Amino acid sequence: MGAPAQPITGTSVASRDAFGEAIVRLGETHKELVVLDADLSESTRSKKFSQKYPERFFQMGIAESNMVSVAAGLALSGHVPFCCSFGAFLTGRFDQIRMSVCYSAASVRLVGSHCGVGIGEDGYSQMGLEDIALMRTLPTMAVIQPADDLETAGAVEYLLGHKGPAYLRTTRQKLDRVNNPDGYKFQFGKGVTVVDGTDLTIVASGGTVGPAVNAAKQLAGEGVKARVINIHTIKPIDVDLLVKAARETKRILTVEDHQTTGGLGGAVCEALADKEPVRIYRHGLHDVFGESGTPKGLYEHFKLDAAGIASVAKEFLAK
Amino acid sequence: MLDNATLETLRRRSYDLRIDNLTAITAGESGHPGGTLSAMDIMQTLFFVEMSHRPKEPHWPDRDRFVLSKGHAVPALYTVLAHAGYFSRDLLPTLRHLGSPLQGHPANFLLPSMEASTGSLGQGFSIAIGMALGVRLDGRKSRVYAMIGDGESEEGQIWEAAMSAPKYKLDNLCVILDHNKGQIDGYVKDVMDIEPIADKWRAFNWNVLTIDGHDYQQIADAFAKARDTKGKPTFIIAETVKGKGVSFMENKIGWHGVAPTKEQLAQAVAELQKAQAALSSKGAA
Chain A
1 MGAPAQPITG TSVASRDAFG EAIVRLGETH KELVVLDADL SESTRSKKFS QKYPERFFQM
61 GIAESNMVSV AAGLALSGHV PFCCSFGAFL TGRFDQIRMS VCYSAASVRL VGSHCGVGIG
121 EDGYSQMGLE DIALMRTLPT MAVIQPADDL ETAGAVEYLL GHKGPAYLRT TRQKLDRVNN
181 PDGYKFQFGK GVTVVDGTDL TIVASGGTVG PAVNAAKQLA GEGVKARVIN IHTIKPIDVD
241 LLVKAARETK RILTVEDHQT TGGLGGAVCE ALADKEPVRI YRHGLHDVFG ESGTPKGLYE
301 HFKLDAAGIA SVAKEFLAK
Chain B
1 MLDNATLETL RRRSYDLRID NLTAITAGES GHPGGTLSAM DIMQTLFFVE MSHRPKEPHW
61 PDRDRFVLSK GHAVPALYTV LAHAGYFSRD LLPTLRHLGS PLQGHPANFL LPSMEASTGS
121 LGQGFSIAIG MALGVRLDGR KSRVYAMIGD GESEEGQIWE AAMSAPKYKL DNLCVILDHN
181 KGQIDGYVKD VMDIEPIADK WRAFNWNVLT IDGHDYQQIA DAFAKARDTK GKPTFIIAET
241 VKGKGVSFME NKIGWHGVAP TKEQLAQAVA ELQKAQAALS SKGAA
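Protein chains in written order, with the working numbering: chain A, 1 to 319; chain B, 1 to 285.
A few of these clues could be false.
Said to hold, decoys possible - Mimicking DSBU-like on lysine-lysine, the simulated pairs with C-alpha atoms at most 35 Å apart in a straight line are: (1) A:LYS48 / B:LYS141; (2) A:LYS31 / B:LYS169; (3) B:LYS232 / A:LYS47; (4) A:LYS225 / A:LYS52; (5) A:LYS275 / A:LYS31; (6) B:LYS225 / A:LYS31; (7) B:LYS181 / A:LYS31; (8) A:LYS48 / B:LYS230; (9) B:LYS225 / A:LYS163.
Hints listed in this document are in silico derivations from the structure and should not be mistaken for laboratory results. The structure presented is a predicted model; accordingly, all values stated were derived computationally and were not measured.
Bound conformation, chain B alone:
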């Protein structure tokens, strides 16, 4: 269980992260607001609660690893890493600019905190399996996390990977589905329905958990359960809202891959700040 102070800090920071994320995407004049806002709370929990890692030593051999298989959500990851102390927040607005290590999709050889280069969907998950095999072979206690998207779940390679991790009993592997139900061309159910998704993963012999992907207590609990599960990998279906936190972006397919204008950013920031302030007064009460 997370204590109240931790919960309060996570919730408060979630607004700062969303503001920095959208500011970076606006500065980059392109990017993916919808899928970064849906994934943000899970990523914050990973780097601020769950994972064992060293911001000043990104290649620490015994670290836990996080592979962002849905690479287009990387502005959320950059933002979380900056807040965690990997690099300066000043770097965030260089997103997608020529010469910046903050590429439009992760490039691990440019930014050491990226475990792998992703962006062609379906591959990061398999890379995470390789890492889980690798750290286990070395006798390390490291855990490996990967996040996939629901549109990404249409890729054939996801199901090749789904078959292979239980074969190797990778209980050091935890995969999170950012189940925000949208993709570029429309709602997932219309583009290529992936349901019943929990049944599919159970049938592939995974430990399957379903949570609210914006509820910090539920997210942290799921990671704890994954750690306690032996002999099989865990798959967390995180029910999320695409564009979470910004009223005019929530559940709007059009916000998958379009940067806000400066005016839209100002509106989003005002909303997020207002919500954060409301949280403070509630917390104080």
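Chain A on its own, in the form it takes in the complex:
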């Protein structure tokens, strides 16, 4: 069968930009929404919020540990803080997130931008590449990685009311829209089947969803019917959808701009291990550092672009 891929509409927006727009829009009516940043408001896109609502924006300087714990205090006094920095720097404050946020039951929304090799030239030090793995281990922490502007806006709006801490992973690079804007609604914890198929399932998240959809198109041309599932909520993950895909397609290929240890691939393996153990190949960064380069060049190098994903899929199917 292999239903055709949903059309990518041509809209392309970085999820950090969609985040920045969403907090400005929602801040108008949601007075409980406060934002903190650590000297990266230009890059995380919290700057517009800081200009429009200066009394609800806290510039904490280059001191992320203090910022995370201050955000916890704001949450514990009834506010809804979005705490922003690069994903690498934010999740680097693991102890503060573990203790001040999670163990203190503080509903802080940690927003880590500049995730993955997709940031390009700045290189490994600025790339969030272990952040999903770190955040996933923490009790009560939710992990969301939107694939396009619609999902990002939907996730931010959802997070206003979410009980408990959450990590929102955003990108510097533009993301092709993969959702249909007509009546779009973000459903926390629900995976989205973007392309139907029966030969294997490609499970992608965030920046790799667009390339995975294009890879599926390329594979279709070669007679391979690949299903594509977009997992925007990595924790809690949509176990039912994954089990269904495992039963129906027998093979799962996970694709992520993150270490293959503990990230999306890890989450999918854990979800299926005792429910529907099938062949899974985890594609992403295999225990290596990212490096400087153009975003496009890096996606090619790490085979995260459509051609790369298609080639990895074919190799996997041949095994």
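Got chain A sorted already, so can you dock chain B onto it with the hints?
Frame of chain A, contents of chain B only:
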């Protein structure tokens, strides 16, 4: 100024608190006698004199808040809260037992009167800053108190926090240093000297006060001065004695994190009761 009757009550209760605290630590078979006894008089003053709070409504939105950043001193806080009416004193000996809300270090989701979960040093202070910003944003008159340790002052996050509170002119924030001069591995001056501590906090633009942390009048006066200080947060250096009140524990590093035996507890209780009785006869005279 505290009146004589109040002072008398505080002093008398200070012995009961110390006895209950050490009894709980002994029952828990682990805990921190030294740093609970040094902090006890400050905590009693907070909950019995200074703070506006409701024991039967721990989440009252307009309450003043106290964050124990040096989380290992929590048996002292549990004891003060029990005496203040938050929960029964019978709960105290469940300290550190499986299933008890009285965790070895504070867990706010298990015990509503804990404002935050602490125990990884350096963080409670920052959480208190967030609360001070939060209540001010809501236009509440609430004040926020935090207690840090002198060993804790070696944490980098303390100085990130020290920089940030004056930036936001948090005059609703008061931080108390339990300056008992000891930590697990030895005296603070040997492990990692933090002096000159008052100069450091003044340089960070805080209103700095130094007091005897076992003198109820001085403690209460300092809190009053903090309330009257506008435009900047207050930092109270409370000179304290680790293990205060029990002769064989005072200023002994070894009593940082070891529970007394039953025999040692009996000896400590006898000493404290004797001192309390002496206070009564003096008071009556």
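To see whether the hints hold, each was checked on the structure:
1. A:LYS48 / B:LYS141: Answer holds: LYS48 (chain A) to LYS141 (chain B) is near 30 Å, not above 35 Å.
2. A:LYS31 / B:LYS169: 22 Å, holds
3. B:LYS232 / A:LYS47: Roughly 27 Å separates the two Cα atoms, so the pair holds.
4. A:LYS225 / A:LYS52: The hint is violated at about 48 Å.
5. A:LYS275 / A:LYS31: Roughly 43 Å between the alpha carbons, so the hint for LYS275 (chain A) and LYS31 (chain A) is violated.
6. B:LYS225 / A:LYS31: 33 Å, holds
7. B:LYS181 / A:LYS31: 44 Å, violated
8. A:LYS48 / B:LYS230: Distance of about 31 Å is within 35 Å: holds.
9. B:LYS225 / A:LYS163: 39 Å, violated
In this structure, the earlier hints numbered 4, 5, 7 and 9 are contradicted, and the remaining ones agree with it.
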